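Using the sequences provided together with the hints, build the complete structure.
Just so you know, we're using the numbering used here here: the sequence shown kicks off at 1 and counts up by one.
Among the hints, a few may not be true.
In silico DMTMM-like pairs for lysine to aspartate or glutamate, Cα to Cα no more than 25 Å straight-line [claimed, not checked]:
#1 K12 with D97
#2 K12 with D86
#3 K12 with D81
#4 K12 with D28
#5 K12 with E107
#6 K12 with D37
#7 K12 with D36
#8 K12 with E72
If you are wondering where the hints come from, they were derived from the structure by calculation, not from laboratory data. Keep in mind it's a predicted model, so treat the numbers as computed, not measured.
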Amino acid sequence: MSPTATTVVDLKAISERYFAAWANRDPDAIVALHTDDTRFWIHLGDEAVVGRDAVRATFAELFTAFPDFSFETYRVLYGEDHWVLDWALISGDIRFDCLDVVVVSPEGLVARKDTFVDAVAMRAAMGTVTR
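Here is the structure:
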């Protein structure tokens with residue numbers, strides 16, 4: 001392959017494997033689809049988590065916080081090296097909307113995952129709205 005050639009990855013196939021790992025609530029299977037220096041950031045005021053081990057621990061904590069974790073996909077939009085997932089987090093009576101921007105490396109692994117949460121809906125769903 002020439003130095004200027006680009007590698008084309010099948011984002012739809014990668015995303016389907018990724019969504020299945022999340023549906024199975026399997027942090028090991030999820031991070032197996034991430035780069036070693038992966039970056040995960042829930043945009044709720046905390047810092048990004050960097051590195052496969054730290055990201056795995058964060059995903060495990062998420063499944064502990066939401067023991068009945070599931071999700072509903074509204075839509076997935078694909079770009080050249082990323083997808084945008086419009087979805088709802090569901091756990092028991094808790095439900096709120098999220099938006100993920102997932103960047104995929106040329107090797108077909110998740111290099112970065114940014115999650116944007118509807119914080120008002122999340123607080124309302126979890127009974128933590130203050131007025």
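>> Check the hint pairing K12 with D81 against an upper bound of 25 Å on the C-alpha distance.
In response: 11 Å, holds
> Keeping to a limit of 25 Å between CA atoms, is the pair of K12 and D37 held or broken?
Replying inline: Answer holds: K12 to D37 is near 22 Å, not above 25 Å.
>> Can you confirm whether the C-alpha distance between K12 and D36 stays at or below 25 Å?
In response: 22 Å, holds
> Holds or violated: K12 with E107, Cα cutoff 25 Å?
Replying inline: 14 Å, holds
> Regarding the pair K12 and D97, is the alpha-carbon distance no greater than 25 Å?
Replying inline: Judged against 25 Å, a Cα distance of about 22 Å means the pair holds.
> Hey, K12 versus D86, does the alpha-carbon distance stay inside 25 Å?
Replying inline: With a Cα-Cα distance of about 15 Å, the restraint between K12 and D86 holds, given a limit of 25 Å.
>> For a C-alpha distance cap of 25 Å, please report whether K12 and E72 respect it.
In response: 17 Å, holds
> Within a Cα-Cα threshold of 25 Å, do K12 and D28 meet the stated pairing?
Replying inline: 21 Å, holds
Of the hints listed earlier, there is not a single one the structure fails to meet.
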